[in-house]
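Given the coordinates of chain P, assemble chain F onto it according to the supplied hints.
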Amino acid sequence: MSAITTTHEAGAGHGAAQVKRIWKAFWILLVITIIELILGLTIYFIDKQANPSETMIHFLKGVIIILSLAKAFYIISIFMHMGDEIRNFIMSVAIPATLFIWFIFAFLFDGNSFKNLRNTDAGSHPAIENVQPHTVPVIKEGEKN
Amino acid sequence: MDTAVAKTRSSWWNGGRSPFNVSYGKLMMWYFLMSDSFTFGAFLISYGTIRFSLNSWVDHNYVFNKFPFTGEANLPLAFVSLMTFILIFSSVTMVLAVHEGHRMNRKGVEKWMILTILGGLAFLSCQAWEWTHLITSRHEVLVDGAIQYWGTTTSHNPWGPQVLYNGHLVATPGPVAFGGYFFGITGFHGFHVFSGVVINVIMLIKTSRGDFDKRGHYEMIEKAGLYWHFVDLVWVFVFLCFYLI
Numbered sequence: 000m001s002a003i004t005t006t007h008e009a010g011a012g013h014g015a016a017q018v019k020r021i022w023k024a025f026w027i028l029l030v031i032t033i034i035e036l037i038l039g040l041t042i043y044f045i046d047k048q049a050n051p052s053e054t055m056i057h058f059l060k061g062v063i064i065i066l067s068l069a070k071a072f073y074i075i076s077i078f079m080h081m082g083d084e085i086r087n088f089i090m091s092v093a094i095p096a097t098l099f100i101w102f103i104f105a106f107l108f109d110g111n112s113f114k115n116l117r118n119t120d121a122g123s124h125p126a127i128e129n130v131q132p133h134t135v136p137v138i139k140e141g142e143k144n
Numbered sequence: 000m001d002t003a004v005a006k007t008r009s010s011w012w013n014g015g016r017s018p019f020n021v022s023y024g025k026l027m028m029w030y031f032l033m034s035d036s037f038t039f040g041a042f043l044i045s046y047g048t049i050r051f052s053l054n055s056w057v058d059h060n061y062v063f064n065k066f067p068f069t070g071e072a073n074l075p076l077a078f079v080s081l082m083t084f085i086l087i088f089s090s091v092t093m094v095l096a097v098h099e100g101h102r103m104n105r106k107g108v109e110k111w112m113i114l115t116i117l118g119g120l121a122f123l124s125c126q127a128w129e130w131t132h133l134i135t136s137r138h139e140v141l142v143d144g145a146i147q148y149w150g151t152t153t154s155h156n157p158w159g160p161q162v163l164y165n166g167h168l169v170a171t172p173g174p175v176a177f178g179g180y181f182f183g184i185t186g187f188h189g190f191h192v193f194s195g196v197v198i199n200v201i202m203l204i205k206t207s208r209g210d211f212d213k214r215g216h217y218e219m220i221e222k223a224g225l226y227w228h229f230v231d232l233v234w235v236f237v238f239l240c241f242y243l244i
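Protein chains in written order, with numbering that gives the first Met the number 0: chain P, 0 to 144; chain F, 0 to 244.
Please keep in mind that the hints were generated in silico from the structure rather than gathered at the bench. Predicted model only: the values in this text are computed from it and were never measured. For each residue, glycine too, the CB sits at the ideal point set by N, CA and C. Check the hints yourself; a few may be wrong.
To be verified - Among chain P residues calculated to face chain F with C-beta under 10 Å, some are:
id, residue
1, I33
2, I42
3, D109
With the rest of the complex left out, here is chain P (with noise of 0.2 Å):
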């Protein structure tokens, strides 16, 4: 216990510094999601109009995933304080966690290719229109489900 260094503290001391940084951080996460909030609502007034801009709606997602990326950079490097740890340990944790982009990329891959299978008679099962709708339990208004 002994030799370890808390590094956390070290680079910015005990007092104000730190917790200036702390606020700093709590704003940035703050401004970051209130944009998200207004490109989300963009993309819900975009959807309802006449004709929805398919690949406006696809670039606004896009950018509100890099802000949620951005989020969670911050929220680890400052609140969970890796940034401040020696490299070996960070790398220790960021480099399994690069498993996630192809997992990410596999997975949905295989999801539209379901889609492509599901919608034609290339798969092994019938197309879509083929399926017998099963039957659902009646449920009156008021009652549980």
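For chain F alone, kept in the frame of chain P given last:
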């Protein structure tokens, strides 16, 4: 000279000290959180796969558009932004508690821990309201040529594509997977918030008993803080995947 440099460079791994410059407990908390992030990641990616594989999904701006005490007003994103602000704020109070712990200031730790716990409880209350609203409110759905009234549950989804019926637009049943993924993932996240609140309450009790002053350091507050920030981190992605895109 050269040997001296080499010795300094490799000294992290020469034994006698933690090569990562962190205590065992904190290191293991990080690795636990990494494994937990893979659990959440697997859930969210599975949700993405199913969403990509279906021809229609629900429009989140119509599912999540209610706010407590405003009746039927159409307020997309309003309630979930309140929940997000609560969680960000409780994250900043937690990191301030950790900071006071470094300064060995027991009163400061207590103050910020109480605010963090209140933030966590506020978030859980919001989630309870949202779940109740989704499950108990009824929506017109056209099923097998007749109108039924459905709530949003793991077996019923009244948010499918709309069709014309007797001159007005009525929704048809949407993909059942929506309820399962929504309640499953927000429920798993909510359970993390709940256990985080329990851990924080225990830490508050230990702080006020003076346990950490006796021990000489407030590292337990730091470990609880790591867990609490992770809960906030996961919410960033739950918020992104269910309410924004």
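Hint by hint, here is what the structure shows:
no.	hint	result
1	I33	holds, 8 Å
2	I42	holds, 8 Å
3	D109	holds, 6 Å
The structure shown violates none of the earlier numbered hints.
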